[in-house]
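For the record, the sequence lines run as chains A and B. In this text, residue positions in the first sequence follow our numbering: the first is 7, and each later residue adds one. In this text, residue positions in the second sequence follow our numbering: the first is 83, and each later residue adds one.
Please note that the accuracy of each hint is not assured.
[As the list claims (entries may be wrong)] Each pair of labels, with its calculated beta carbon distance range:
| id | chain 1 | residue 1 | chain 2 | residue 2 | range |
| --- | --- | --- | --- | --- | --- |
| 1 | A | D152 | B | T226 | 37 to 43 Å |
| 2 | A | G70 | B | E292 | 46 to 52 Å |
| 3 | A | G114 | B | G385 | 36 to 42 Å |
| 4 | B | Y196 | A | A84 | 26 to 32 Å |
| 5 | B | A93 | A | K128 | 57 to 63 Å |
| 6 | A | R83 | B | G385 | 37 to 43 Å |
| 7 | B | L106 | A | G120 | 54 to 60 Å |
| 8 | B | M382 | A | R75 | 56 to 62 Å |
| 9 | B | R408 | A | D221 | 45 to 51 Å |
| 10 | A | S184 | B | Y372 | 45 to 51 Å |
| 11 | B | L215 | A | R23 | 50 to 56 Å |
[Said to hold, decoys possible] A few chain A residues that don't get close to chain B, going by computed Cβ distances all over 10 Å:
| id | residue |
| --- | --- |
| 12 | E33 |
| 13 | S111 |
| 14 | K115 |
| 15 | T116 |
| 16 | Q155 |
| 17 | A196 |
| 18 | Q228 |
| 19 | E239 |
[As the list claims (entries may be wrong)] Now the stretches of chain A that chain B is said to cover, found in silico as 3 or more residues with beta-carbon under 8 Å:
| id | region |
| --- | --- |
| 20 | 90-99 |
| 21 | 119-132 |
Hints were generated in silico from the structure; no laboratory data involved. Computed from a predicted structure; not experimentally measured. Glycine is no exception: its CB is placed at the ideal position from the N, C-alpha and C atoms.
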Amino acid sequence: MALLETVNLKRYFGDTRAVDNVNLTIEEREFVSLVGPNGAGKTSLINVISALLRPDSGKILFKGQDITRASVTERVRAGIARSFQLVNVFDDLSSFDNVALAIFSRDGKTAHLGALAHLDEKVNVEAARVLDQFGLTSKRDVIARDLAQGERKLLDVALAHALKPRLLFLDEPTSGVSTRDKGQIMDTIASVVRGEGIAAVIVEHDMDVVFKYSDRIVVMAQGAILAQGTPDEIRKNEQVALVLLGTSGPDAFTRKE
Amino acid sequence: MSAARTGPSTALLLAVGALIAVVLALLPRFIVPYQTVLITYGLVMAIAALGFNLLLGYTGLLSFGHSAYFGAGAYAVAFIMRDLGVQAMELCILLGLLGTLVVAAIFGFVCVRYTRIFFGILTLALSQVLWSLAFKFFWVTGGTDGIRVDSAKLSLLAGLIDFKGAGAYQRFVYSYYYYVLAVFVAATVIMWVIVHSPFGKALQAIRDNETRAQFVGIRVRRYRWIAFMISGLFTGLAGILWVPLNGLTTPDILYWPFSGELVFMTVLGGFRSFTGPIVGAMVFNYLKTYAIASTEYWQMLLGAVLVFLVLVLPAGIIGTIARAARKLGGR
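Full structure from sequences and hints, please.
Take a look at the structure:
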């Protein structure tokens, strides 16, 4: 049984087909890249699957259960977490408190109002470990709004990861950071995700990054899935090259620029 | 080390808190009764502002209707003493809190469906409903005359202390001061624990980023509702304590300008800090008392202070002091 399955998922904005009859399957432990030109519906698809948007029609199955009508928090508890294209963290809390909060929430401890948060050693230890995994240990007491853009991106992913999801959606985790930091962020994310056997779906524009890390690549255009396959299959797909690069030919992806 | 990195320095806080409590405990020996009464009022308002700030400072919701919960507590006690003949203050507090909780739960249930200005307007509107009830149903509430609450009919600590016979009022002033001080200390400690609990952190997360809070699994609306009820209970507790002190409850405390005063106090002290509302309430209490005593145009004086505050000290008294201390500390 697939971890996630969407069945004829649809979401239109007026005449715009943001998500058009998408049948997407994600297996356990799979690292999938979602690519496509701007406006292809990548973020909309993630938004529908994570309950930020309601679908017009279609079904979403997670671990075989129909979650089409489940709320955001219900899906989070079921094991679907996500990060955001525009950094979406708790700006007035420290890096540490950001991560600790996700852990408290995951463990159902946010309902506790008679205990002091900073005395919970179990959460302290785990939050420190998550910060370490994402290379943020030296920034633990820095208020999130004072972090550098790359660090904020990582914190955003760390928040999602701290929820210990089965399936993690990462919407452009490297957008807005320098090329040099990009590789580092992707290495960090890939090692954490693979190390813990989480299935990940990542939206990314940089095809070098996509080819390097993905098990499978899903290409979207105009709200629909245009093609999908292994990096090698996609690299040879002329239709994909035409949509993504505007040129085609046997080595379109290697001779760009 | 472990306390310093994420939480406040608990030892320092306890030391400072204990010192202030001792000073407050010794104070009545050195000041005239009138000043003791003034401080009692200040402590009562501090509890109200503390409750109000759980919503404003920690949950990011600006209520313009907290007079409703102060008034609910006050009227509940007035009814209980008049109609049920209850004399024990502890029973008044218990039943008064119950009454406040009912009002806060119902009003909160409606209000937390909205945020920002819509939330503010809705809280204001609902508080005005209570005000008009107190105003119109005069055969129950006494209308604008209000309900008298005689301190001579009150007893503290389950009947251990009562106020009958000669010098009763003097004894009431001092006993009640310590009573309120004890409740204030307890309320402050409880609120401090709440805002530093995982629940308190969740509220701050909701304040910072509602969407992301949902995406870490926090049920935003439910948490706002719980925060609303706790906030209402604290402000209601203040109303309960206020009635015997004032000797009278009138619809004025349900009217919207009183809600405005709670906002004023909190902003004056600084809503971004835990102690801000406490300091703000004490200072406001003096400010208003002396403004009324010294000029006919006291509202104008308070207005000028408010304008100065917004333009020059937007972080409030505590916020400004904290910033100055950080600068001096070289951080």
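Can you take a look at whether the region 90-99 of chain A is actually covered by chain B? Rule is 3+ residues, C-beta closer than 8 Å.
-> holds (count 7)
Per the hint of 45 to 51 Å, is the separation of the Cβ atoms of S184(A) and Y372(B) within bounds?
-> Violated - the Cβ-Cβ distance for S184(A) and Y372(B), about 59 Å, lies outside 45 to 51 Å.
Over 10 Å to the closest beta carbon of chain B is the bar; see if E33(A) clears it.
-> Check passes; 23 Å lies beyond 10 Å.
Closest CB-CB distance from A196(A) to chain B, is it above 10 Å?
-> holds (22 Å)
At the C-beta level, are M382(B) and R75(A) separated by a distance inside 56 to 62 Å?
-> Holds, since M382(B) and R75(A) (Cβ atoms, about 57 Å apart) stay within the stated range.
Given a hinted range of 50 to 56 Å, is it respected by the beta-carbon distance of L215(B) and R23(A)?
-> With Cβ atoms ~54 Å apart, the hint holds.
Check the non-interface label on T116(A): least C-beta distance to chain B beyond 10 Å or not.
-> violated (4 Å)
Classify the label on E239(A) as holds or violated, using whether its beta-carbon is more than 10 Å from each beta-carbon of chain B.
-> Label holds. Min Cβ-Cβ 33 Å, cutoff 10 Å.
Between G70(A) and E292(B), does the C-beta distance stay in 46 to 52 Å?
-> violated (31 Å)
Look at the Cβ atoms of R83(A) and G385(B) and judge whether their distance stays inside 37 to 43 Å.
-> violated (50 Å)
Go ahead and decide if the range 36 to 42 Å is satisfied by the Cβ distance of G114(A) to G385(B).
-> violated (48 Å)
Status of Q228(A), Cβ more than 10 Å from any chain B Cβ | holds (27 Å)
Checked against the numbered hints above, the structure breaks hints 1, 2, 3, 5, 6, 7, 10, 13, 14, 15 and satisfies the rest.
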